[in-house]
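S.K.: Take these sequences, add in the hints, and give me the full structure.
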Amino acid sequence: KDGNERELIDTLPAEDKQEEIIDKLLLRTAIESLPERDRKIIVLRYFRDMTQSEVAKVVGVSQVQISRIEGKIMDKFKEELQ
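With our numbering as the guide, the letters of the sequence shown map in order to residues 1 to 82.
Derived from the structure by calculation, the hints contain no laboratory data.
For every residue, glycine included, the Cβ atom is placed at its ideal position computed from N, Cα and C.
Each hint should be verified, as a subset may be incorrect.
As the list claims (entries may be wrong) - PhoX-like cross-link-like pairs, simulated, lysine-lysine; straight-line CA separation at most 20 Å: (1) Lys40 / Lys57; (2) Lys17 / Lys72; (3) Lys17 / Lys57; (4) Lys57 / Lys24; (5) Lys17 / Lys40; (6) Lys76 / Lys24; (7) Lys40 / Lys72.
To be verified - Derived DEER-like restraints, expressed as beta-carbon distance ranges: (8) Gly60 / Gln18: 16 to 26 Å; (9) Gln65 / Gln18: 34 to 44 Å; (10) Lys17 / Thr51: 15 to 25 Å; (11) Arg37 / Glu80: 14 to 24 Å; (12) Gln18 / Gln82: 11 to 21 Å; (13) Ile21 / Ser62: 22 to 32 Å; (14) Glu32 / Val59: 27 to 37 Å; (15) Ser53 / Ile21: 29 to 39 Å; (16) Ser53 / Gln18: 31 to 41 Å.
M.R.: This is how it looks when you write it as structure tokens:
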């Protein structure tokens, strides 16, 4: 109203950054939609850099089970995020 108004679009970064932001939002939404155990596995593996064996100890399952669960989650993400 004082002549200094800015549109939201004016505050967004350049095109390449916009796509990065969209990708991060989509990934965040996909992770948040997971059941709690699956979300915990993904967070520990990819955001806390834990090995499958370390995650298995925390979750209370075998490393092989973590591998299978992780594979199913990744397949789901690939399908959802295409």
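S.K.: Against each hint, give a clear statement of whether it holds in the structure.
M.R.: These are the hints, each one checked on the structure:
1. Lys40 / Lys57: holds, 12 Å
2. Lys17 / Lys72: With a Cα-Cα distance of about 30 Å, the restraint between Lys17 and Lys72 is violated, given a limit of 20 Å.
3. Lys17 / Lys57: violated, 38 Å
4. Lys57 / Lys24: Judged against 20 Å, a Cα distance of about 29 Å means the pair is violated.
5. Lys17 / Lys40: Violated, because 28 Å separates the two Cα atoms, which is more than 20 Å.
6. Lys76 / Lys24: holds, 16 Å
7. Lys40 / Lys72: Given that 20 Å is the threshold and the Cα spacing comes to 14 Å, the pair holds.
8. Gly60 / Gln18: 16 to 26 Å: violated, 41 Å
9. Gln65 / Gln18: 34 to 44 Å: Between Gln65 and Gln18, where Cβ atoms are some 39 Å apart, the hint holds.
10. Lys17 / Thr51: 15 to 25 Å: Taking Cβ atoms as reference, Lys17 and Thr51 lie about 32 Å apart, which means the hint is violated.
11. Arg37 / Glu80: 14 to 24 Å: holds, 18 Å
12. Gln18 / Gln82: 11 to 21 Å: holds, 19 Å
13. Ile21 / Ser62: 22 to 32 Å: violated, 37 Å
14. Glu32 / Val59: 27 to 37 Å: Roughly 19 Å apart at Cβ, these two residues miss the hinted range, so it is violated.
15. Ser53 / Ile21: 29 to 39 Å: Because 34 Å falls inside the window, the suggested range holds.
16. Ser53 / Gln18: 31 to 41 Å: Distance hint for Ser53, Gln18 holds at roughly 39 Å.
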